[in-house]
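Enquirer: Residue numbers (the working numbering), protein chains in the order written: chain W, 16 to 158; chain F, 238 to 643.
The hints are simulated quantities; they were obtained by calculation from the structure and are not laboratory data. Model, not experiment: these values are computed from the prediction. Virtual Cβ for every residue (Gly too), placed ideally from N, Cα, C. Take the hints with a grain of salt, since some may be wrong.
Calculated cross-link-like contacts (lysine to aspartate or glutamate; reagent style EDC-like; alpha-carbon spacing at most 20 Å) [as the list claims (entries may be wrong)]: (1) K142/W - D586/F; (2) K34/W - D575/F; (3) K34/W - E637/F; (4) K604/F - D50/W; (5) K34/W - D530/F; (6) K636/F - E22/W.
With beta-carbon atoms standing in for the labels, derived distance ranges [to be verified]: (7) I70/W - Q600/F: 34 to 40 Å; (8) N156/W - T267/F: 33 to 39 Å; (9) D45/W - I363/F: 35 to 41 Å; (10) L115/W - T553/F: 55 to 61 Å; (11) I363/F - E112/W: 35 to 41 Å.
This is what each chain is made of:
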Amino acid sequence: MSFNNLETLYRQVIMDHYKNPRNRGAIEGDALTVDMNNPTCGDRIQLQLQVEDGIVKDAKFEGEGCSISMSSASMMTQAIKGKSVTDALKMSKLFSEMMLGEEIDSDMEMGDAEALSGVSQFPARIKCATLAWKAMEKGVNDK
Amino acid sequence: MDVKAIRQMFPILDQEVNGHKLVYLDSSATSQKPISVIEAVENYYRKDNANVHRGVHTLGSRATDQYEGAREKVRRFINARSTAEVIFNRGTTTGINTVASSYARANLKPGDEVLITPMEHHSNIIPWQQAVKATGATLNYIPLQDDGTITLEDVRNLVTDNTKIVAIAHVSNVLGTINPIKEIAKIAHDKGAVVVVDGAQGAPHMKVDVQDLDCDFYAFSGHKMLAPTGIGVLYGKRELLENMEPVEFGGEMIDFVTLQDSTWKELPWKFEGGTPIIAGAIGLAAAIDFLEDIGMDEILDHEQKLADYVMDRLRTVEDIKVYGPEHRAALVTFNLGDVHPHDVATALDSFGIAVRAGHHCAQPLMKWLNVTATARASFYIYNTEDDVEKLVDGLLKTKEFFGHVF
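Could you put together the complete structure from these sequences and hints?
Expert: Below is the structure:
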C-alpha cells in the first residue's frame with residue numbers, strides 16, 4: 016500500500032514532534048499566557064512566553080489537538096526560543112506564506128517547522144498548523 | 238429500494254477524489270442533491286423568477302404559485318393541519334431561534350424552567366440559554382444514560398409544573414439516538430409544557446407526522462434532505478403561532494403600516510419578513526417529491542439496515558470506539574485508537590472517503606463523552622454496504638499508516 020499522498024503531510028519529523036513534543040508544559044515564574052482555540056474543530060493551545068529585552072527567553076505550551084496543531088506548536092516554540100520578538104514575528108509571517116504554498120525567499124531558518132510545508136496541499140488543515148503561530152503573535156502584540 | 242438507480246440521480250457522486258471513487262459519508266452535515274432538485278431551481282431561475290405575493294404580472298403569479306405550492310407540499314409531508322402552520326425560513330437554527338425569541342421570551346418568567354438534554358446540537362442549546370438569561374427562568378437537563386439515550390422515567394420525574402418548554406432533538410447528530418418524541422410530548426403536555434423538536438436529523442430520514450407526534454414545534458432544514466442550503470421549515474401549532482409576535486419586521490410580513498404602528502399579516506406570512514427563499518422552497522418541493530417517490534418508510538428501512546451493518550462491521554476494527562446506542566439512526570461517531578479524528582478524516586479523505594471530524598456543534602456532549610473531538614460517518618439514501626466496506630477498509634489503512642509513522 017502506498018501512502019504517497021499522506022506522506023506529503025505526515026512527515027517523520029512531524030510525527031516525532033507530535034509523539035515527543037518539545038517545550039510542553041508551563042513556565043514557572045513570570046510569563047505572558049495566551050489561550051487560543053480553533054472553534055470549528057476544538058483544537059486548543061495555551062502558550063506561555065517569557066520575553067526579556069525583546070528576546071524570547073522561553074516558550075512553552077499545553078494543549079489538545081491533532082498531530083498537525085500539536086507538532087506545529089512544538090516546532091514553533093523550538094524555532095522562536097532565543098530569537099528576538101521581531102524575528103519571531105517575521106518567522107510567523109513566513110510560516111503563513113508557506114501555508115499558502117508560496118516560495119519562501121528568506122535567510123530566516125525556521126528549523127523543523129519547515130517540514131510542515133506539505134500542509135499547503137491540505138487547505139482544510141492550514142488552520143491546525145497556524146494555531147500556535149497565531150497564539151504567539153497575539154502574545155507578543157498584546158504585551 | 239433500488240440504490241443503484243437512486244445513485245444515478247446524484248451527478249456529484251460520480252467523481253474521483255484524490256484518485257479514488259468518492260464515498261460520501263457526511264450527509265448529516267449536508268446531503269447531496271439529485272438532478273430533479275438542481276433542475277427545479279434552475280428552471281425557476283430560467284423561466285419563472287419574480288418576487289412573490291406582490292407582482293400583478295404573470296411571472297409574479299407563477300413564482301407565488303410555486304412558492305405557496307411548496308408550502309402545501311411541506312404541509313402534506315409532515316401532515317400539518319394547515320399551511321398556516323408551515324413557516325419557511327433559513328433552517329433549523331432559525332426555526333428554534335424563532336420559538337426561543339418569540340414564544341419563550343413572552344411566556345417564561347422567573348421560577349420557570351426550560352428542559353433539554355446534553356445531546357443537543359448548539360442550535361438547540363444556545364437559544365434557550367439566551368431565553369432564560371433574558372427572562373430569569375432556568376435551563377435544566379434530562380440526564381443521559383451510559384449509552385447516550387434518555388429514559389421516559391427521567392422525563393416523567395423531571396417535567397414539573399414549572400417546566401414550560403421541553404426542547405429535544407428528534408435524532409442526535411452525534412450519537413444517532415432516536416428520541417421518543419410522542420411519549421415525551423404526552424408527559425410534557427400533562428404538565429402544561431410545550432415541546433420543541435429539533436428535527437434536523439429526523440425529517441430527512443423518517444416519516445414525520447406532527448399531529449401523531451403531537452409536538453408543538455418542529456424545526457428542520459432543507460439541505461439535509463436533498464434540497465438547497467438556505468431553506469428550512471418551522472412547524473408550529475396554529476393556536477401557539479397565532480399568539481406569537483414576529484421576530485423579524487419589514488417587507489412581506491405586514492398588513493397595515495402607519496407612521497407610528499403596524500399590524501401583521503396572517504399566518505404563516507407574519508413570520509416571513511423580507512423576500513423569502515423562493516428558489517429554495519421550490520427546490521425543497523422537488524426534494525420532497527424525490528423522497529416520497531422512494532417512500533419515507535423505505536428510506537428508514539434502508540438506513541436501519543445500513544446502521545446495523547456498519548455497527549457490525551466496525552466491531553471488527555481493532556481499537557475503534559463507537560459512541561451512542563446500539564439501535565440508532567444511520568450515523569456512527571467514533572474514535573480510532575490514539576489517532577486524532579482530524580488525522581483520521583484527512584487519511585480517509587486521501588482514500589476518497591468524506592467524513593466529518595470535530596465537535597459536531599455539540600461541545601457539552603463532547604465533554605460528557607470525555608473527548609475533545611470525534612469522527613463521524615453518516616449515511617443516506619444513496620449509500621450502500623459497499624460504502625461501509627470502503628470505510629472499514631479506509632480505517633484499517635489509516636491504522637496501518639499511523640501505526641507505521643508513530
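Enquirer: So if I understand the rule, the pair passes when the alpha-carbon distance is 20 Å or less; does K604/F with D50/W pass?
Expert: holds (19 Å)
Enquirer: I70/W and Q600/F, beta-carbon distance inside 34 to 40 Å?
Expert: holds (38 Å)
Enquirer: For the pair supplied as a hint, K34/W and E637/F, is the alpha-carbon distance within the 20 Å limit?
Expert: holds (17 Å)
Enquirer: Does the alpha-carbon distance linking K142/W and D586/F stay inside the 20 Å limit?
Expert: Measuring from Cα to Cα gives roughly 17 Å; hence the hint holds.
Enquirer: Assess, step by step, whether the Cα of K34/W is no farther than 20 Å from the Cα of D530/F, and give holds or violated.
Expert: With Cα atoms ~52 Å apart, K34/W and D530/F exceed 20 Å; violated.
Enquirer: For N156/W and T267/F, compare the CB-CB distance with the range 33 to 39 Å and indicate the outcome.
Expert: holds (37 Å)
Enquirer: Is the hinted pair K636/F and E22/W satisfied, with a Cα-Cα distance of at most 20 Å?
Expert: holds (14 Å)
Enquirer: Holds or violated: 55 to 61 Å for the Cβ distance of L115/W and T553/F?
Expert: Taking Cβ atoms as reference, L115/W and T553/F lie about 42 Å apart, which means the hint is violated.
Enquirer: Do the Cβ positions of D45/W and I363/F conform to the proposed distance bound of 35 to 41 Å?
Expert: Holds, at about 37 Å.
Enquirer: Between the alpha carbons of K34/W and D575/F, is the straight-line distance 20 Å or under?
Expert: holds (11 Å)
Enquirer: CB of I363/F to CB of E112/W, is that within 35 to 41 Å?
Expert: At roughly 37 Å between Cβ atoms, E112/W and I363/F fall inside 35 to 41 Å, so the hint holds.
Checked against the numbered hints listed earlier, the structure breaks hints 5 and 10; every other hint is satisfied.
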